[in-house]
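**Q** These protein sequence lines map, in sequence, to chains A and B. Heads up: the first sequence begins at 1 in the numbering used here, then just goes up one per residue. Heads up: the second sequence begins at 1 in the numbering used here, then just goes up one per residue.
Note that these hints are calculated values from the structure, not bench results. Honestly, I wouldn't trust all of these hints.
[To be verified] Computed list of lysine to aspartate or glutamate pairs in EDC-like fashion (alpha-carbon distance at most 16 Å, straight line):
no.: 1; chain 1: B; residue 1: Lys190; chain 2: A; residue 2: Glu27
no.: 2; chain 1: B; residue 1: Lys118; chain 2: A; residue 2: Glu133
no.: 3; chain 1: B; residue 1: Lys118; chain 2: A; residue 2: Glu27
[To be verified] Listed next, with one range per pair, are the computed distances between beta-carbon atoms:
no.: 4; chain 1: A; residue 1: Val111; chain 2: B; residue 2: Lys168; range: 45 to 51 Å
no.: 5; chain 1: B; residue 1: Ser143; chain 2: A; residue 2: Asp4; range: 33 to 39 Å
no.: 6; chain 1: A; residue 1: Thr7; chain 2: B; residue 2: Thr251; range: 35 to 41 Å
no.: 7; chain 1: B; residue 1: Thr268; chain 2: A; residue 2: Tyr8; range: 23 to 29 Å
[Said to hold, decoys possible] Residues of chain A clear of chain B, computed beta-carbon distances all greater than 12 Å:
no.: 8; residue: Leu9
no.: 9; residue: Leu10
no.: 10; residue: Lys11
no.: 11; residue: Leu44
no.: 12; residue: Lys95
no.: 13; residue: Gly110
no.: 14; residue: Ile115
no.: 15; residue: Met157
Note that the structure is a prediction, hence the values are computed from the model and not measured. Ideal placement from N, C-alpha and C gives every residue a C-beta, glycine not left out.
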Amino acid sequence: MILDLFTYLLKFIGIILLQILVVDNIELSSYINPYIYITFILTLPVTIRPWHLLILAFLCGAVIDSFSSTPGLHIAATVLLAYVRIHYLRFATTKEDLEGRIRPSMSKKGVVWFIFYCFSMTLVHHTFLFFLEIYGFSEFLSTMLRVVLSTLVTVLMIVIGQLLFYNTKSNHE
Amino acid sequence: MRNLIFFIYKYHVFFIFFLLEIVAFVILYRFNNYQKASFLNYTTGVSSNFYTGVSNTQEYFNLRRVNDSLQLENARLRSQQITSYYNNNISTSSINDTVYKQQYQYISAQVVNNSVTKRNNYITLNRGKNHGIEREMGVISESGIVGIVMNVSDHYCTVLSLLNSNCKISAKIKKTGAFGSLVWDGGNPKYAKLLDVNKHVPVHFNDLVITSNFSTIFPEGLPIGRVYDHSLDAGDNFHTIRIELFTDFSTVSTVYIIKNLFKQEQQTLEQTLPQDKK
Numbered sequence: 001m002i003l004d005l006f007t008y009l010l011k012f013i014g015i016i017l018l019q020i021l022v023v024d025n026i027e028l029s030s031y032i033n034p035y036i037y038i039t040f041i042l043t044l045p046v047t048i049r050p051w052h053l054l055i056l057a058f059l060c061g062a063v064i065d066s067f068s069s070t071p072g073l074h075i076a077a078t079v080l081l082a083y084v085r086i087h088y089l090r091f092a093t094t095k096e097d098l099e100g101r102i103r104p105s106m107s108k109k110g111v112v113w114f115i116f117y118c119f120s121m122t123l124v125h126h127t128f129l130f131f132l133e134i135y136g137f138s139e140f141l142s143t144m145l146r147v148v149l150s151t152l153v154t155v156l157m158i159v160i161g162q163l164l165f166y167n168t169k170s171n172h173e
Numbered sequence: 001m002r003n004l005i006f007f008i009y010k011y012h013v014f015f016i017f018f019l020l021e022i023v024a025f026v027i028l029y030r031f032n033n034y035q036k037a038s039f040l041n042y043t044t045g046v047s048s049n050f051y052t053g054v055s056n057t058q059e060y061f062n063l064r065r066v067n068d069s070l071q072l073e074n075a076r077l078r079s080q081q082i083t084s085y086y087n088n089n090i091s092t093s094s095i096n097d098t099v100y101k102q103q104y105q106y107i108s109a110q111v112v113n114n115s116v117t118k119r120n121n122y123i124t125l126n127r128g129k130n131h132g133i134e135r136e137m138g139v140i141s142e143s144g145i146v147g148i149v150m151n152v153s154d155h156y157c158t159v160l161s162l163l164n165s166n167c168k169i170s171a172k173i174k175k176t177g178a179f180g181s182l183v184w185d186g187g188n189p190k191y192a193k194l195l196d197v198n199k200h201v202p203v204h205f206n207d208l209v210i211t212s213n214f215s216t217i218f219p220e221g222l223p224i225g226r227v228y229d230h231s232l233d234a235g236d237n238f239h240t241i242r243i244e245l246f247t248d249f250s251t252v253s254t255v256y257i258i259k260n261l262f263k264q265e266q267q268t269l270e271q272t273l274p275q276d277k278k
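The whole structure should be built from the sequences, with the hints applied where relevant.
**A** Structure below.
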């Protein structure tokens with residue numbers, strides 16, 4: 001249990017550092033702002049208590065906010081993401097998944113399931129985030145383009161991350 | 001009562017979600033308004049320390065020191081320039097021994113963190129309260145204007161970059177004197193838009209755009225950019241003008257913060273005006 005907490009803490013710090021040191025500095029275009037830190041929320045175990053998940057999402061958003069001078073913005077988007085995740089997984093998991101206490105990952109649930117999960121979750125998060133950022137629908141088309149492109153890049157990065165970090169572990173976890 | 005508790009328990013996930021979203025929106029409304037931000041004054045200190053560590057490892061130690069001394073000298077020279085003095089020569093018969101009184105001071109600073117690809121971009125500088133920085137001071141680079149100081153901690157400040165939807169700067173076309181407001185509409189960080197220029201004013205390609213004399217933040221006449229293209233739709237009262245900015249935001253590293261020594265005086269005076277027309 002303590003070991004688990006420790007690994008999650010390390011993972012949390014690792015993902016945040018990756019986001020603010022590497023991903024935030026990738027300047028592909030002003031329409032591509034990937035936010036890969038949400039992978040931390042996405043890959044928490046399916047058996048986590050819902051309110052734990054919400055609090056963790058709040059903290060995660062607060063840390064990102066304080067590093068990007070945007071108070072409240074990421075908190076709101078990430079808490080929404082966590083809430084949607086709770087309902088999504090209620091329908092998209094089987095009894096075996098719950099008994100096995102698995103984490104939603106590519107190796108456990110298959111490529112198609114995972115990409116679809118990731119894509120829909122990221123789309124929710126990015127849509128909310130970018131529209132909240134410009135605060136209204138005045139630049140609807142350009143914001144929509146930003147949402148779609150950023151979502152695609154974020155999903156791509158998360159999938160690559162899954163392939164890099166979780167593939168070998170899958171057999172004996 | 002029991003029913004109520006049962007109800008709350010049954011939907012506790014939704015209630016927690018709702019509560020957290022409310023907290024998030026309160027933070028968003030309360031602190032994102034750059035007029036009264038203060039949340040960032042606390043977090044700016046922590047995150048900027050971190051970013052300084054990062055930028056220290058990225059730069060040559062020696063180059064930095066040489067650069068610093070050059071900057072200091074530059075700032076001093078700029079402060080002595082005739083344009084930063086306020087003409088105090090009100091009548092020829094006065095016996096003032098100071099003809100010019102200094103109005104603007106320039107403080108050099110280094111960019112610690114910066115972004116150009118977001119819709120709302122911010123810049124962090126390594127100067128703060130201890131160096132006399134206050135909110136709403138102007139920031140310029142050697143080539144053009146950069147933004148406005150938003151939050152200040154002891155050693156750092158965050159700057160509302162020109163590349164931000166909340167940033168509106170009063171500007172004018174040098175040749176005709178026609179003024180408008182400069183905003184960034186997202187997309188390419190090299191271009192911004194000049195709004196509210198009346199249609200009867202002629203606009204030409206390559207016209208120089210400078211800061212106007214209406215703000216207490218920037219001195220008049222600082223270069224902003226050049227007219228890149230312009231059009232006038234039928235039935236529209238204002239030109240659509242695209243400005244090519246002089247400042248290259250993706251490489252900006254050395255900037256100057258402008259301190260207006262008369263700002264307090266001007267604002268106090270303006271506050272005494274009747275407020276009914278607002």
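**Q** So, for every hint listed, does it hold in this structure?
**A** Quick rundown of the hints versus the structure:
no.: 1; hint: B:Lys190 - A:Glu27; verdict: holds, 14 Å
no.: 2; hint: B:Lys118 - A:Glu133; verdict: holds, 10 Å
no.: 3; hint: B:Lys118 - A:Glu27; verdict: holds, 9 Å
no.: 4; hint: A:Val111 - B:Lys168: 45 to 51 Å; verdict: holds, 48 Å
no.: 5; hint: B:Ser143 - A:Asp4: 33 to 39 Å; verdict: violated, 53 Å
no.: 6; hint: A:Thr7 - B:Thr251: 35 to 41 Å; verdict: holds, 40 Å
no.: 7; hint: B:Thr268 - A:Tyr8: 23 to 29 Å; verdict: violated, 54 Å
no.: 8; hint: Leu9; verdict: holds, 18 Å
no.: 9; hint: Leu10; verdict: holds, 18 Å
no.: 10; hint: Lys11; verdict: holds, 19 Å
no.: 11; hint: Leu44; verdict: holds, 15 Å
no.: 12; hint: Lys95; verdict: holds, 20 Å
no.: 13; hint: Gly110; verdict: holds, 27 Å
no.: 14; hint: Ile115; verdict: holds, 25 Å
no.: 15; hint: Met157; verdict: holds, 15 Å
Hint check: violations occur at hints 5 and 7; the rest are consistent with the structure.
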